[in-house]
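Participant: Listed here are the chains, written in short residue letters.
2 protein chains.
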Amino acid sequence: MARPIVRSGGREARIKARTAAAPVYLPAVNRQVGPINLLGPDGVQKIHRGAMRILWDIGIVFRDARALSHWKQAGARVDGERVHIPEELIMELMSSVPPRYTFHARNPARSVQVGDNFSIFANCYGSPFVYGLDGVRRRSELADTKNFLRLAQMSQAMHISGILPAEPQDVPVPQRHLDLVSSALKLADKPIMGSVISEAAAQDTIDMLRIVFGEEFVDRNVVVTALLNCNTPLVWDETMLDALRIYAAANQPALLTPFLLAGASGPASPFGGVALLVAEALAGMAYAQIVRRGCPMVMGVALMGVSMKTGAPMLGTAEPGLMNLLVGQMARHYNVPWRSCTMWTGSKMADIQAGYDSANSMWPVMLGGCNFIMHSAGFVEGALGVSYSKWVQDSYQLEGYHRFFSGLADEALEPFLSDIQSVGPGGHFLGTDHTRENPFSMNPLQNNDSYEKWLDDGAKSGEQVGVEEAKRQLDAYIEPSLDEDLSDALDEFVAAKRRVYAAAA
Amino acid sequence: MARPIVRSGGREARIKARTAAAPVYLPAVNRQVGPINLLGPDGVQKIHRGAMRILWDIGIVFRDARALSHWKQAGARVDGERVHIPEELIMELMSSVPPRYTFHARNPARSVQVGDNFSIFANCYGSPFVYGLDGVRRRSELADTKNFLRLAQMSQAMHISGILPAEPQDVPVPQRHLDLVSSALKLADKPIMGSVISEAAAQDTIDMLRIVFGEEFVDRNVVVTALLNCNTPLVWDETMLDALRIYAAANQPALLTPFLLAGASGPASPFGGVALLVAEALAGMAYAQIVRRGCPMVMGVALMGVSMKTGAPMLGTAEPGLMNLLVGQMARHYNVPWRSCTMWTGSKMADIQAGYDSANSMWPVMLGGCNFIMHSAGFVEGALGVSYSKWVQDSYQLEGYHRFFSGLADEALEPFLSDIQSVGPGGHFLGTDHTRENPFSMNPLQNNDSYEKWLDDGAKSGEQVGVEEAKRQLDAYIEPSLDEDLSDALDEFVAAKRRVYAAAA
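Heads up: the sequence lines are chains Y and V, in that order. Its first residue numbered 25, the first sequence is counted upward by one per residue in my numbering. Its first residue numbered 25, the second sequence is counted upward by one per residue in my numbering.
By construction, these hints were calculated from the structure, which means they are not laboratory data.
Identical copies go unnamed one by one, so any copy, or any two together, can satisfy a pair.
When the alpha-carbon atoms are kept at most 30 Å apart in a straight line, the in silico DSSO-like pairs for lysine-lysine are as follows:
1) K333 x K477
2) K495 x K484
3) K333 x K495
4) K333 x K484
Looking at chain Y on its own, in the form it has when it is part of the complex (with noise of 0.2 Å):
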């Protein structure tokens, strides 16, 4: 189960990559380009009134007894489902919510930080298709989880292995957790995400990360984040606030993410839709704090447009781009760190469509100053599928939007115009020192050939030369090293896990 689809030339293979350097991996994004603001005050008091109206006037439903005794004790007013909170419980409840946490990962180095200015990237979640190697689309299985987990590790720019990249239909729905939790923690040594399908998934992947990280360490650091999502308009149900209270209470931090369909789900305008989403958020995180004061939380969204031809969800298109600059506005009001999606397409291939989808989907919620930037790599389908092809070529585009973000280090211009000067008119500069160190970046999967050149090589399109790398670094992968004692601790938890579940199916 832990091979990998391919293996073909494989030991080969395997020499090579340990032979070879190490990758480098990529600290988060410290963001020197951006934010953008496009709301005065005036228009952030326009979106947090109406958020708050919403959340006084509208009232928000908790589908959840336990959720609707502990809002009444708090002070919010009640009524049926419905939980009406006014605007000073919402603000108190919001100020113990920390603006950065550090995301901590079993190898120390691969620690991130999440809020303020620093952006992470992470991989697509929960596709239950996958295009495969073969170019061919089926069912997702675990073994491909598994490679995307691979995927994940051998990424330069990928902060978080994550958890269920795939989701995987061949495992029964309440021992999925045990595997994908295991996976993500041994196939990688990133931080990863937490199962949030019950409570008792909640609470197995918290012990699974007691075991690795020490129960002490967990309760006092971040070591996973969870992702729950609101049904907008307007519901938190008890599944996900379930998931949540075991999060909570252990410290752990989750996006609580509103799903903006605008247009179906909320309404097609983007100051009545991020109103909408913000009242959800809050409510979400609000309540968080009512379980634990101080634990770190992400304000969430997920936001797309609606074809008004067909019903479908739109990706990468301008409003929700527009939208999620409002949304890190307001994120920033509230000082709290906040999560987007991109690099989606609702195309059924890696091509040109989900190349202009995933960039026109990433610039604007780098812009819009995101901290924990979900789906950055592989999403096809309207995010029901996962493909190989484009999981590698977006991984490698987010070491771009790294490099770009990043900024500019200061540089002294001395050498340069001594340099021109030596140069000098008509002349060349590839023979300089600093040429020869050019530290411009370059995509090993961009091909700049000439026609040719291309021709020759077998005039292969992007999504071809996708595949074939993720085969490459499939083959290259080493899985990182995790300590024989926590490791066999880990089997024992799952398989004594299993067989609970297995009997009580």
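With chain Y fixed as given, assemble chain V onto it according to the hints.
Facilitator: Positioned in the frame of chain Y, the structure of chain V alone reads:
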């Protein structure tokens, strides 16, 4: 010759087009997002001082006796072909360059603003190769040039019809500009660009514009813009200066454009490279002011990286993007319009790389506040090729950028709060009045269908979709009307000049 390549099913399509609503042409983008200023006042001064030292200490070559004599007369120190220009002289000459001009089309409804907060999109320029409607690459011919001019006319967001999206290699060089200028004037009614291959070609361009616009109008208004490249580093050659003198004398602007291959024609340094190209562009613009004070001129840049592996140009990478931000800030410092390049790629297809590269080169240029955006549709193969498929794909992308950078209209929140109230938790917004009038932008070439529907429809890649759309547009194209007398006068001019150039050959 005026016949497009594809006319199959023409009658029906033409009837359809004639009865369909006229295309909605978009005005110049009135940017409300950005620009991003990376530099503080010290950074701006550093680049400015670098440019001034290049122009005075190192000097710049004008390979042209008349220009050397003009510079001497103006007060520069001329040493052989090398002109050393003191800061006071450069800045005094620059002070008469207008910050903005109206670029007139023969149809006044298509005239646009160049400068300040405005951005216009022009198409690609000079490709010797074309990626045809059959997907095959071949040398460009006049029939292609004309087809692209027709496609430019069909595009809602492409502001300029251009002049030579494809370089027509089946027309003798001395006569080429006659076909290009008359085609640009007849096949579209948008602003055109001018020929620069010789003094005679530039003069013929102006004379043809005088036929269409009237002599007096041309003398007082901008009706053409020429693209003139500096031979970076630090050489303005005679051909370019010959053309510049003709355009400037006729009060018509040029995009004075250094061509920076960072690491080859200039230093692989953001600051050093930008100082060099600012120096070159300023020298060209200042010289134009010697020819005619107050003539509008545009600070141009063509900026790309160079692969240290193969020496090939790299398009859409991070550092040239950052350099575009610096150039934009310098143009604002000098208070002149600026021009850059976008939507280009080294790919030999309209594939995922083409999509990423195009978008990744457009965003920084728009964020830098660029006014005159060249190459915004069609380029592949590192600017050596123009692809029909990519052209129409790019042209729809422009509508998305237009929408994003136009920013947000202020919206009253009340109606949306009331919608949210009546929809309530767990409801949907598909039936609200606002959703039905949903103004969110849609790209008709973006496929957001289900996998099954996409499969049923032929499982088409974005490249195939682009080819089909190019055929459809060429079929639906209707030539914009031009007064018969003017058209005849143009034809007579062309016929007479053709005889002259044929006799001279």
